[in-house]
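Below, each chain spelled out in residue letters.
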Amino acid sequence: MYLINEYIPIFILLIVAIGLASIILGASYLLSVQKPDTEKNSVYECGFDPYEDSRNQFDVRFYLVAILFIIFDLEAMFLFPWAVSLAQNSAMGFWTMMDFLLELTVGFVYVWKIGALEWE
Amino acid sequence: MNFFLLHQNHFKLFFPEVFLATSILLLTLYATYVASSRSLGFPLITRNLNRISVFILIITFLLVYNNEISFKEVYQNTFIFDILSTQVKEITLISSIICLLLFEESLLKLKINNFEYSLLLLGAILGLMFLVSSYDLLSLYLAIEMQSLCLYVLAAAKKDSTFSTEAGLKYFILGSFSSALLLFGISILYGCTGTTNFHDLSLLFSADFGSDPLMTSAIEKGILFIAAAFLFKIAAAPLHMWSPDVYEGSPISSTIFFAVIPKLALFTVFLRLFQGVLFSFQDILLYVLVLFSMASVVVGSFAALKQKKLKRLLAYSSISHVGYLLLAFAANSIEGTQALFFYLSIYMITSLTLWTFVLSIESTTNLNRSKTLVDLSNIVTANPLLALTGLLAFFSLAGVPPLAGFYAKMQVFVHTMGSSFFFASFFAILTSVISSYYYIRVIKNIYFEGLINKTSTDVFHYPVTRASSLMLGSGLLFLIFLFLNPTMLLLFTEKMALSLF
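Sequence lines, in order, name chains A and B.
Here the first sequence is numbered in the numbering used here, starting from -4 and rising by one per residue.
Here the second sequence is numbered in the numbering used here, starting from 119 and rising by one per residue.
Derived from the structure by calculation, the hints contain no laboratory data.
Quick caveat, the model's predicted, so the values are computed rather than measured.
Idealized CB from N, CA, C, for every residue including glycine.
Possibly wrong hints are sitting among the right ones.
[Unchecked claim] Partial selection, computed: residues in chain A whose CB lies under 8 Å from chain B:
#, residue
1, TYR24
2, VAL101
3, VAL104
4, LYS108
5, LEU112
6, GLU113
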């Protein structure tokens, strides 16, 4: 039974999250003044209309930039916890990250030289 | 500096992998600068890179071979170096070198000019080396991801071919699904035991762990998920649907690599996991393995009967061979494991010979489409020696006596019966009779089809390359020699099996 007991906080969190989310969504739906027009209804996040003919052409460069962004974003995500915990780490911890950065730089040089970063 | 002294031996053991990884990085820089240099006129460096890769792999092989320490767990037990891992690495490296030499001409002919191809191949080999040594569920997952990410791109290497990109995408989507299953299984195991390390897990399971029924059933589910991911990766039957399509679509150089290299490493690491660590849960595991093995044998035999394309036929035949291998896996004894490694080694030699045969029947008319059985019909007039080699290789795959394949198959059946899997082994023997039908049909196509229907004989075949002819000759020599005197390979595989138990 202890397995289930351990999950009770997560269950409470789930209920609170669902409740809070539905309150916020419902309140903004009910209380706000709604004047929709074409521009307001259109999707503005990612540049493409998600509900149209899937045979349209799209530029692959958007995706290339997005993928490269994710890689270097993840690098920053690794760097922060490393920087915070550097005082407790041994030399191994330091040099591991240096190795990681070096290998990432090789990847960056590759991406740069083959021209994936150039838009035109 | 204390820390460096502590890790000195670890680094010594890891030196082949470190060498390979560093070489890949340097090779990336070299290839990028040369291939994008305006002053050199953007040269094509496929052949050059291929030769350098072979050189790097030879040095890596020598480093693995000259390893002094026979058993050690390194880096907080995440990796293990023992006789099994060393020998499997040796086999993997040798067969990769052969593969690289074989398809050099084919890369040029198919105009796969992007220099990333060789780099990705080296990356996949590095991933396989990590996979063989991994002794922790996390390092296992990371190594599997490393090799399969490289293989997904290799499947899609011919960018202007729809089939190739389709194969790459299919392989990627299904492969990431199976990786998700693997991760799910690992997380269940971790949630129940609190460790991912093989050593800790084996200690934990050797104590009386089965007292809590809730826990036991949860761990069994986790093991089933891990087993499903493994069976997917080796294309065992109900999870095999990706393999014929990927073999068919990807360029032949990638197909050879998929067909020959990764299976041995995957089998090694999962034997280590299932027999060395999860031995308390063998009942359910053996049940699953035998079921999957019987399904693979049936699908491999019956689905291949209708295939007209050579690559698909070989893909289905590899599924049925995976069935025999799983049967040896399920035998769960030292002899059974030895039979598995023996079968796998001979299968690798045979399929390298066979794929070289497929590479060598390239003619001007079938270069850019996949080869069908009809393409075989004029080989016997164009190149009788090649036809004879093909005949013997197919007979060895079918397990016909004066060739090594017979011995491998017999050993698997004998040791499976030794572990009292009578029904499964008789079933496999019966289906292997069916599967020998389509091997003989291929041989009929090689030898008699040209006589029956006069197909167009004005086909221009490319000459068999030097590397291909060497491979065909030595492969054939091994197939005959290992039937006459298998002691060498038996001792080699015995050592591998003994280091598991």
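Hint by hint, here is what the structure shows:
no.	hint	result
1	TYR24	violated (35 Å)
2	VAL101	holds (5 Å)
3	VAL104	holds (6 Å)
4	LYS108	holds (5 Å)
5	LEU112	violated (13 Å)
6	GLU113	violated (12 Å)
In summary, the structure is inconsistent with hints 1, 5, 6 from the numbered list given earlier, while agreeing with the others.
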